[in-house]
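Turn these sequences into a full structure, and let the hints guide you.
So the sequence lines, in the order shown, correspond to chains X and F. Quick note: to get the working numbering, add 11 to the position in the first sequence (first position is 1). Quick note: to get the working numbering, add 11 to the position in the second sequence (first position is 1).
These aren't lab readings, by the way, just hints derived from the structure by calculation. Please note that a few of the clues may not be correct.
Chain copies aren't distinguished; within one or between two, either way the pair holds.
[As the list claims (entries may be wrong)] For lysine to any residue, the following SDA-like pairs were computed, each having C-alpha atoms within a straight-line distance of at most 20 Å:
(1) LYS174 to ARG189
(2) LYS174 to ALA197
(3) LYS371 to PRO294
(4) LYS371 to GLU53
(5) LYS174 to SER130
(6) LYS174 to ASP236
(7) LYS432 to ILE227
(8) LYS65 to ALA38
(9) LYS432 to PHE369
(10) LYS65 to PHE460
(11) LYS174 to PHE216
(12) LYS174 to GLU328
(13) LYS65 to LEU91
(14) LYS65 to LEU55
There are 2 protein chains.
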Amino acid sequence: MTEEHLIHTLEEVRRLLESGQRHQAAALIAPLLPPDQAEIFEDLTLDEQTQLLKLVEARQAANILEELDEDDAASLAETLDIDVLTQVLDEMEPDEAADLLGDLDPELRRQSLRQIADSVEIQSLLRYPDDTAGGLMTSEYYVFPEETQVGTIFEYIRSQPIKDEEIPYIYAIDEQGRLTGIARLADLIRAHPELPLLAIVDTQFVSIEANEDQEIAAQLLNRYDLLALPVLDGSGHLLGVITVDDAIAALEEEATEDIYKSAGIMATRDNQSVKSDLMVRGPIWRSWIVRIPFLLLTMIGGLLAGGVIGVFEEALETVVVLAFFIPVVMNMGGNSGTQSVGIFIRGQVLGQIDLNDFGKHLLREIGVGLGLGVILGLIAGIVATIWQGDVIIGLVVGLAIVCTTTLSTALGFLVPLLINKLGIDPAVASEPVITTINDFTGMLIYFLFASLFITTLR
Amino acid sequence: MTEEHLIHTLEEVRRLLESGQRHQAAALIAPLLPPDQAEIFEDLTLDEQTQLLKLVEARQAANILEELDEDDAASLAETLDIDVLTQVLDEMEPDEAADLLGDLDPELRRQSLRQIADSVEIQSLLRYPDDTAGGLMTSEYYVFPEETQVGTIFEYIRSQPIKDEEIPYIYAIDEQGRLTGIARLADLIRAHPELPLLAIVDTQFVSIEANEDQEIAAQLLNRYDLLALPVLDGSGHLLGVITVDDAIAALEEEATEDIYKSAGIMATRDNQSVKSDLMVRGPIWRSWIVRIPFLLLTMIGGLLAGGVIGVFEEALETVVVLAFFIPVVMNMGGNSGTQSVGIFIRGQVLGQIDLNDFGKHLLREIGVGLGLGVILGLIAGIVATIWQGDVIIGLVVGLAIVCTTTLSTALGFLVPLLINKLGIDPAVASEPVITTINDFTGMLIYFLFASLFITTLR
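What follows is the structure in structure tokens.
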């Protein structure tokens with residue numbers, strides 16, 4: 012469905028709801044695919060959403076709630092009667108139901124858990140934080156004792172109702188519930204009905220522990236080209252399965268977060284601003300709140316750099332021309348540091364940087380920085396010499412750029428590592444910390460060189 | 012397989028190859044999963060790779076070549092004898108074989124195409140550029156005329172050899188080859204063997220045209236939680252299928268590119284530096300080449316800003332204190348602009364920003380910038396007043412920050428849009444352009460306010 016068609020449908024739905032024609036509005040969205048229905052819901056008011064959701068079947072309501080942003084879904088779910096809510100929860104995929112329940116008012120969560128059918132399964136999913144492998148897994152997949160015959164498995168699948176999400180793998184477990192192998196549906200179709208499952212499974216499989224980060228799960232699914240990843244406890248018992256679509260969503264979310272963070276946009280704890288499009292459409296004050304912290308930190312950096320300049324006021328009074336090169340020295344230090352931070356953060360996410368071998372990475376980066384510094388320092392030095400007709404000014408500017416660029420490049424690798432060791436997400440904190448340090452050291456180096464040569468200047 | 016285990020195996024393989032024990036080295040990597048084998052290959056020299064690849068079976072060699080970086084794979088493939096190469100190409104997935112052939116020496120490509128079995132199929136895949144939906148699709152999937160009986164399909168699947176990648180969907184086409192519906196393997200298992208395929212397929216499906224960008228394909232797979240996406244021509248004929256693992260790889264690649272670009276790292280045309288880990292491990296001169304352009308552009312920005320300061324030399328000589336606040340004014344303008352660029356770029360990738368409604372987005376962003384400017388200008392103005400004991404200095408700094416922040420925030424949205432309209436990738440060019448403009452305008456605004464109040468200052 013095209014974006015234009017969606018916008019047109021949205022306008023029509025709004026018009027119908029305003030004129031009280033609720034059933035016509037519901038009929039209009041009924042034939043759409045769930046993600047498109049959700050997109051229309053996102054642009055309606057909570058009141059309009061409630062009106063509409065009450066008119067659709069539980070299964071369709073479940074699909075819409077699965078696709079909505081977590082906070083929108085929770086707000087909308089809380090407007091439903093408890094009986095309707097439990098029907099909808101029963102229709103949802105267990106992992107999505109658990110996520111929604113986790114966001115509901117605690118009293119409502121208790122009531123719902125008492126009434127829903129898969130209560131035990133969902134309660135076990137609720138145990139894991141949202142951003143872990145356990146938080147991403149579903150409890151709905153095909154698992155059989157390893158000696159089960161292929162024919163029996165076929166009969167079981169035939170007896171089950173059609174589900175929206177059907178994982179095309181069959182998991183084999185031993186008597187203790189430990190995962191022993193995985194078969195694909197296609198392997199099952201090819202196998203003789205009397206063969207035991209164990210005979211057709213692949214016993215060399217990739218898995219993840221429930222407490223691992225969701226990003227690792229996404230990396231494994233990506234690296235090994237899997238459609239689903241089994242989640243195990245420490246002893247190898249099968250706890251659940253992560254489907255590739257949830258992993259992609261997690262990857263998209265992490266990539267967005269990383270890009271926002273590297274642009275100095277601080278996500279709130281619940282990541283509302285990152286998941287939804289609040290940065291583009293939401294209330295303006297929200298944008299202020301997420302953008303101000305980074306700007307304040309770089310303000311401190313700028314003021315500290317100003318403080319350094321203040322210390323050298325006398326030199327500056329003698330040679331006011333020194334002020335002309337403050338921007339270029341700051342830019343070279345700041346931007347080479349930013350590049351290194353970007354390479355470190357992405358290198359770590361993609362597993363290119365081995366933290367056990369960090370010394371080697373750092374040495375290489377210092378070499379890169381020195382080379383960049385010499386090239387840039389040379390160019391800026393020549394420009395400064397020509398512009399001011401003074402080779403000493405050129406020398407001061409050039410030397411300052413060589414040193415700040417080398418230092419900033421090295422710090423761009425070192426600072427994120429240290430921040431990481433402190434247990435803070437380096438993607439959030441590295442940029443402002445690096446900017447502040449680089450502004451400060453850049454001005455210090457520049458004016459130290461200037462003082463060194465001041466007697467020769469003019 | 013853990014990273015440590017991999018490193019240990021790599022060292023062992025190297026040691027064996029050095030002492031001429033090639034077969035032992037090949038035996039050591041044989042039991043590993045293909046992505047792990049590829050990771051070991053990546054760290055070997057081309058000569059070592061060639062020695063080892065000759066000793067493994069064609070199927071295993073195919074898997075390794077599929078997993079390697081495109082350029083590494085092409086270099087390695089070119090060392091193989093033409094007969095071995097065609098055997099390996101026959102074992103590769105058609106989409107991967109087409110990608111590899113596209114990177115080979117033209118003469119070798121012609122020779123191989125003459126000898127491989129799926130020559131026609133692969134030649135049709137070669138028609139589409141790598142970064143389009145057509146370039147991402149495979150020709151290996153289950154497709155049947157819509158009237159085919161379920162039982163016949165089962166028999167066909169049983170007759171086929173097991174493949175590494177097996178798409179769990181069955182595609183139904185009409186007499187003209189147009190896609191009419193899609194069934195999942197699980198639906199097939201549930202269906203009566205005498206039913207025609209048309210009776211069990213879902214006729215409401217999502218598809219993409221072959222010439223669309225690969226990023227759109229990835230977005231569709233993600234949005235609609237699909238395991239595979241059919242690729243059609245303009246008249247609805249089924250041309251191929253994109254699997255979710257290729258889409259994830261494309262998404263990862265695009266996200267890495269965006270993060271690198273926003274950090275001012277220019278990828279070369281063939282994206283070598285982005286796809287592989289050359290930024291972390293490769294030759295140092297490569298890092299210089301991709302990092303220098305951005306730094307040079309920001310150097311120009313810094314020097315232009317310096318030129319503006321130079322114009323106001325007289326004001327600066329009278330009130331040297333003005334130099335102390337150059338860093339903070341530059342930081343506020345620069346960083347608020349960078350935030351807006353990040354939001355625009357990501358918003359566009361995620362489809363949050365509607366370019367037809369750009370005026371509204373821009374107005375909102377100006378509002379955000381004005382709010383940020385007032386908050387930051389107030390704080391910096393108060394700090395400057397207290398530090399210098401001079402309310403006029405505070406007023407100049409504060410007003411300059413209000414104006415530059417508002418302007419930079421707006422430009423952070425406007426510049427990427429204009430760059431986009433010029434047909435240039437905004438993720439590459441926006442940052443340096445914005446930085447240059449912001450440095451220049453920031454200093455201009457600051458010193459204009461300063462001159463305005465200069466008679467009152469001191």
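**Alpha-carbon proximity context of LYS174 and GLU328, limit 20 Å** = Neither way: LYS174 and GLU328 sit 77 Å apart in one copy and 77 Å across, limit 20 Å.
**Asked** How do LYS371 and GLU53 come out at 20 Å by Cα distance, when the copy is not named: within, between, both, or neither?
**Response** For LYS371 and GLU53, only the inter-copy Cα distance (18 Å) is at most 20 Å; the intra-copy one is 49 Å.
**Request:** Indicate which option fits the pair LYS174, SER130 if close means a Cα-Cα distance not exceeding 20 Å: within, between, both or neither.
**Result:** The answer is within: 19 Å in one copy meets 20 Å, while 39 Å across copies does not.
**Request:** Go through the copies and call it for LYS65 and PHE460: within, between, both or neither, with a Cα cutoff of 20 Å.
**Result:** neither (73 Å within a copy, 59 Å between copies)
**Item:** Same-copy or cross-copy closeness of LYS65 to LEU91 [CA-CA at most 20 Å]
**Value:** within (8 Å within a copy, 65 Å between copies)
**Request:** Go through the copies and call it for LYS432 and ILE227: within, between, both or neither, with a Cα cutoff of 20 Å.
**Result:** within (18 Å within a copy, 38 Å between copies)
**Asked** Using 20 Å as the alpha-carbon threshold, which applies to LYS174 and ARG189: within, between, both, or neither?
**Response** Result: close neither inside a copy nor across copies, 26 Å intra and 27 Å inter.
**Request:** At 20 Å max between alpha carbons, let me know whether LYS371 reaches PRO294 within a copy, between copies, both or neither.
**Result:** Intra 47 Å, inter 13 Å, cutoff 20 Å: inter-copy only.
**Message:** Within, between, both or neither: how does the pair LYS65, LEU55 come out at a Cα-Cα threshold of 20 Å?
**Reply:** For LYS65 and LEU55, only the intra-copy Cα distance (14 Å) is at most 20 Å; the inter-copy one is 62 Å.
**Asked** Should LYS174 paired with ALA197 be assigned to within, between, both, or neither, using CA atoms and 20 Å as the limit?
**Response** both (18 Å within a copy, 9 Å between copies)
**Message:** My question is about LYS432 and PHE369: at a cut-off of 20 Å on alpha-carbon distance, are they close within one copy, between copies, both, or neither?
**Reply:** within (13 Å within a copy, 42 Å between copies)
**Asked** Between LYS174 and ASP236, at a C-alpha cutoff of 20 Å, which is it: within one copy, between copies, both, or neither?
**Response** The answer is between: 14 Å across copies meets 20 Å, while 23 Å in one copy does not.
Violated hints, in rising order: 1, 10, 12; the structure is consistent with all others.
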